[in-house]
Amino acid sequence: DTGVSQDPRHKITKRGQNVTFRCDPISEHNRLYWYRQTLGQGPEFLTYFQNEAQLEKSRLLSDRFSAERPKGSFSTLEIQRTEQGDSAMYLCASSPIVGNYGYTFGSGTRLTVV
Amino acid sequence: GESVGLHLPTLSVQEGDNSIINCAYSNSASDYFIWYKQESGKGPQFIIDIRSNMDKRQGQRVTVLLNKTVKHLSLQIAATQPGDSAVYFCAEKPSSNTGKLIFGQGTTLQVKP
Numbered sequence: 034d035t036g037v038s039q040d041p042r043h044k045i046t047k048r049g050q051n052v053t054f055r056c057d058p059i060s061e062h063n064r065l066y067w068y069r070q071t072l073g074q075g076p077e078f079l080t081y082f083q084n085e086a087q088l089e090k091s092r093l094l095s096d097r098f099s100a101e102r103p104k105g106s107f108s109t110l111e112i113q114r115t116e117q118g119d120s121a122m123y124l125c126a127s128s129p130i131v132g133n134y135g136y137t138f139g140s141g142t143r144l145t146v147v
Numbered sequence: 015g016e017s018v019g020l021h022l023p024t025l026s027v028q029e030g031d032n033s034i035i036n037c038a039y040s041n042s043a044s045d046y047f048i049w050y051k052q053e054s055g056k057g058p059q060f061i062i063d064i065r066s067n068m069d070k071r072q073g074q075r076v077t078v079l080l081n082k083t084v085k086h087l088s089l090q091i092a093a094t095q096p097g098d099s100a101v102y103f104c105a106e107k108p109s110s111n112t113g114k115l116i117f118g119q120g121t122t123l124q125v126k127p
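Protein chains in written order, with my numbering: chain D, 34 to 147; chain F, 15 to 127.
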C-alpha cells in the first residue's frame with residue numbers, strides 16, 4: 034500500500050461542465066475525508082465518511098457538490114456545473130477510527146475552471 | 015529563529031539553527047492537534063501529533079508543545095535543514111464527536127544555507 038491515491042492529478046474544465054475526482058484511501062483506514070485548498074490557505078473541510086456512511090458535511094459543500102463512498106473503499110467527489118470559484122486543490126485524506134488519528138493526505142487533484 | 019507573536023506568514027532561519035513555529039487554535043474543546051508540512055504541489059505531510067491530555071511530545075528533530083490555557087501550539091524543529099523548507103500548518107480536531115480537522119494559516123519556513 035503506497036498511501037492515499039488521487040486521480041486525476043490535474044483537471045482543466047470549462048465553466049458549466051461536470052467533473053469527478055477519485056480517491057483511494059489506505060486500505061485499512063475506515064475514515065475518508067475530502068478537503069479543498071486554495072492558494073495560500075490551509076485546507077478547508079468538505080465532508081467525511083466512516084465506511085460507507087457520510088457522517089458530516091460542511092456548509093461549503095453546496096448542492097453542486099456530491100461525494101460518495103459506495104463500498105466503503107474508494108470515494109468520488111463530483112462537482113456539477115463548475116464555476117470559476119471552484120478552482121482549487123481537492124485533497125483526500127484517510128485515517129483509522131481508533132488509535133492514531135494521524136490523517137494521511139493524498140497529493141490532491143488540482144482543478145482549474147476556465 | 016522563532017516566529018514572534020502567534021503567527022507569522024514567513025519564518026527565515028539559518029541552516030543548523032532551531033526553528034519555532036507558532037499557532038493559535040480557536041476551540042477550547044479541541045482534543046487533538048496535528049502539525050503538517052506541505053511542499054509545493056504536494057498534499058500535507060504528517061509531522062507530529064499531540065492529544066489534549068498532553069503538553070509536550072517529541073519526535074525525530076521535532077517537538078510539539080501544547081498550552082491549553084492560552085490555546086497555543088508550537089512546533090520546534092532542531093538543527094533546521096534545507097529540506098525543512100516548506101509551508102507548515104497546524105490543525106485541530108474541534109471535538110471528540112467529529113473526525114474533521116480545522117487548519118490554521120500556514121507559516122512558510124525558509125532555510126538559508
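I should point out that these hints are in silico values taken from the structure, not numbers from a laboratory.
Worth double-checking, as some hints may not be accurate.
Beta-carbon label-pair distances, calculated as ranges [said to hold, decoys possible]: (1) T145/D x N32/F: 36 to 46 Å; (2) V84/F x E89/D: 26 to 36 Å; (3) R55/D x E53/F: 17 to 27 Å; (4) T112/F x S60/D: 15 to 25 Å; (5) N32/F x K47/D: 42 to 52 Å; (6) K47/D x A38/F: 37 to 47 Å.
In silico DSSO-like cross-links for lysine-lysine, where the CA-CA straight-line distance does not exceed 30 Å [as the list claims (entries may be wrong)]: (7) K44/D x K104/D; (8) K56/F x K47/D; (9) K56/F x K104/D; (10) K70/F x K56/F; (11) K56/F x K85/F; (12) K85/F x K90/D; (13) K44/D x K56/F; (14) K56/F x K90/D; (15) K126/F x K70/F; (16) K85/F x K70/F; (17) K56/F x K126/F; (18) K90/D x K82/F; (19) K104/D x K90/D; (20) K90/D x K44/D; (21) K82/F x K70/F; (22) K47/D x K90/D.
Derived list of chain F stretches under chain D, where covered just means 3 residues or more per stretch with a C-beta under 8 Å from a C-beta of chain D [as the list claims (entries may be wrong)]: (23) 58-68; (24) 108-117.
By construction, the Cβ of each residue, glycine as well, lies at the ideal position given by its N, Cα and C atoms.
Here is how each hint holds up against the structure:
no.: 1; hint: T145/D x N32/F: 36 to 46 Å; in the structure: 39 Å, holds
no.: 2; hint: V84/F x E89/D: 26 to 36 Å; in the structure: 28 Å, holds
no.: 3; hint: R55/D x E53/F: 17 to 27 Å; in the structure: 23 Å, holds
no.: 4; hint: T112/F x S60/D: 15 to 25 Å; in the structure: 24 Å, holds
no.: 5; hint: N32/F x K47/D: 42 to 52 Å; in the structure: 49 Å, holds
no.: 6; hint: K47/D x A38/F: 37 to 47 Å; in the structure: 41 Å, holds
no.: 7; hint: K44/D x K104/D; in the structure: 25 Å, holds
no.: 8; hint: K56/F x K47/D; in the structure: 24 Å, holds
no.: 9; hint: K56/F x K104/D; in the structure: 27 Å, holds
no.: 10; hint: K70/F x K56/F; in the structure: 28 Å, holds
no.: 11; hint: K56/F x K85/F; in the structure: 29 Å, holds
no.: 12; hint: K85/F x K90/D; in the structure: 26 Å, holds
no.: 13; hint: K44/D x K56/F; in the structure: 15 Å, holds
no.: 14; hint: K56/F x K90/D; in the structure: 24 Å, holds
no.: 15; hint: K126/F x K70/F; in the structure: 28 Å, holds
no.: 16; hint: K85/F x K70/F; in the structure: 14 Å, holds
no.: 17; hint: K56/F x K126/F; in the structure: 22 Å, holds
no.: 18; hint: K90/D x K82/F; in the structure: 28 Å, holds
no.: 19; hint: K104/D x K90/D; in the structure: 19 Å, holds
no.: 20; hint: K90/D x K44/D; in the structure: 24 Å, holds
no.: 21; hint: K82/F x K70/F; in the structure: 11 Å, holds
no.: 22; hint: K47/D x K90/D; in the structure: 26 Å, holds
no.: 23; hint: 58-68; in the structure: holds (count 4)
no.: 24; hint: 108-117; in the structure: holds (count 6)
Going through the hint list in order, the structure satisfies each hint without exception.
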